[in-house]
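S.K.: These are the residues of each chain, in order.
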Amino acid sequence: MSEHRRQILQMLSEGKISADEAERLISAFEEPAAAKSSPADSASAGKRPPKYLRVQVDSEGDGGQEGPTKVNVRVPMQLLRAGVRLAGLLPAQALHRANHAMQEQGIPIDLTQIKPENLEELVDQLNDLTVDVDQKDAGTKVRVRVFCE
Amino acid sequence: MIPFVAVVSLRNQESRTFRLWIPLFLVWLLLLPLGILLSPFIFIACLACRVNPLRGFAVIWQILNALTDTELDVEHRSAGMSFHIL
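For the record, the sequence lines run as chains A and B. The first sequence: position 63 = 63 (our numbering), numbered continuously. The second sequence: position 60 = 60 (our numbering), numbered continuously.
Calculated from the structure, these hints are not laboratory results. Treat the hints with caution; some may be incorrect.
[Said to hold, decoys possible] If the Cβ cut is set under 7 angstroms, some of the chain A residues that face chain B in the computed set are:
#, residue
1, Thr69
2, Val71
3, Pro76
4, Leu79
5, Arg85
6, Leu86
7, Leu89
8, Pro91
[Said to hold, decoys possible] Distance windows between CB atoms, simulated:
#, chain 1, residue 1, chain 2, residue 2, range
9, B, Met81, A, Thr112, 34 to 40 angstroms
10, A, Arg97, B, Glu14, 45 to 51 angstroms
11, A, Thr112, B, Pro40, 27 to 33 angstroms
12, A, Ala101, B, Leu26, 35 to 41 angstroms
13, B, Pro33, A, Lys70, 20 to 26 angstroms
14, B, Leu34, A, Ala101, 26 to 32 angstroms
15, A, Gln93, B, Phe25, 36 to 42 angstroms
All C-beta atoms in this analysis are idealised placements derived from N, C-alpha and C, irrespective of residue type, glycine included.
Throw the hints in and build the complete structure from the sequences for me.
M.R.: This is how it looks when you write it as structure tokens:
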């Protein structure tokens with residue numbers, strides 16, 4: 001691009017083109033480069049990686065006796081990554097015991113399958129994730145939101 | 001960086017808020033000599049459990065560094081609590 005600009009300025013100095021023509025030529029050469037870079041910039045700006053995992057719980061009390069309860073948790077993504085790495089340090093025997101204990105409680109999660117690369121794939125998709133759970137039970141309304149920001 | 005300060009806010013029924021600043025750096029300074037004293041035993045325990053002790057210390061250091069900006073807010077009609085690690 002600078003070579004084109006140099007040639008245009010040289011032609012202007014030699015009087016072969018006028019100042020307006022030089023400006024139009026420079027603009028014409030710079031516009032395609034700007035058009036190529038802007039979509040990438042806008043795409044990268046719109047797809048910022050999430051920094052925090054947010055969990056919000058809103059629970060309305062029963063008839064106002066207990067009153068509403070709100071819980072707001074914000075956890076940095078780096079903490080989740082470090083936690084996954086910590087789980088990766090645990091011996092396989094301990095993980096199997098933990099899996100067995102969780103399955104007895106009805107939690108079908110396999111800790112041996114949680115790996116740092118799996119978490120990175122999940123984090124990449126969490127940017128657009130919002131989980132809303134609305135539950136009405138015995139006059140109590142509970143709303144849970146899980147999202148990334 | 002590891003967090004140096006934590007802020008705890010407590011709100012009671014009269015809507016009075018008590019804010020407490022906890023200097024975490026003092027906690028780290030108090031835990032540092034204890035950690036140095038226990039490090040040989042932790043090292044042996046890691047080797048016995050077939051865990052790389054250096055990698056374990058590195059992961060624990062990463063967890064401490066990642067604690068910054070962690071927030072926990074609980075609001076109820078009669079009381080509220082907020083815990084923020086700066």
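S.K.: With reference to the structure, classify each hint as holding or not holding.
M.R.: Status of each hint after checking the structure:
Of the supplied interface hints, the one on Thr69(A) holds, with its beta-carbon coming within about 5 angstroms of a beta-carbon of chain B, less than 7 angstroms. Annotation: interface hint on Val71(A) holds; nearest CB of chain B at approximately 5 angstroms, less than 7 angstroms. The interface hint given for Pro76(A) holds, since its Cβ lies 5 angstroms from the closest Cβ of chain B, which is under the 7 angstroms cut-off. Because the beta carbon of Leu79(A) sits about 4 angstroms from the nearest beta carbon in chain B, less than 7 angstroms, this interface hint is met.
Contact between Arg85(A) and chain B, as hinted, is supported at the beta carbon level, the nearest pair being about 5 angstroms apart and thus within 7 angstroms. Contact between Leu86(A) and chain B, as hinted, is supported at the beta carbon level, the nearest pair being about 5 angstroms apart and thus within 7 angstroms. At about 5 angstroms, the closest approach between the beta carbon of Leu89(A) and any beta carbon in chain B falls short of 7 angstroms, and the interface hint on this residue holds. For Pro91(A), the interface hint holds, since its Cβ comes within 7 angstroms of a Cβ in chain B; the closest pair sits about 5 angstroms apart.
The hinted window of 34 to 40 angstroms between Met81(B) and Thr112(A) holds, with their beta carbons roughly 36 angstroms apart. In this structure the hint that Arg97(A) and Glu14(B) lie 45 to 51 angstroms apart at CB holds, the actual value being about 48 angstroms. A C-beta distance of roughly 30 angstroms is found between Thr112(A) and Pro40(B), which places it inside the suggested range of 27 to 33 angstroms. At roughly 37 angstroms, the beta carbons of Ala101(A) and Leu26(B) sit within the given window of 35 to 41 angstroms.
Separated by about 41 angstroms at the C-beta atoms, Pro33(B) and Lys70(A) break the suggested range of 20 to 26 angstroms. Between Leu34(B) and Ala101(A) the beta carbons are some 30 angstroms apart, a value that agrees with the proposed interval 26 to 32 angstroms. Judged by the Cβ atoms, the range 36 to 42 angstroms given for Gln93(A) and Phe25(B) holds: they are separated by roughly 38 angstroms.
Against the hints set out earlier in the document, a violation occurs for number 13 only.
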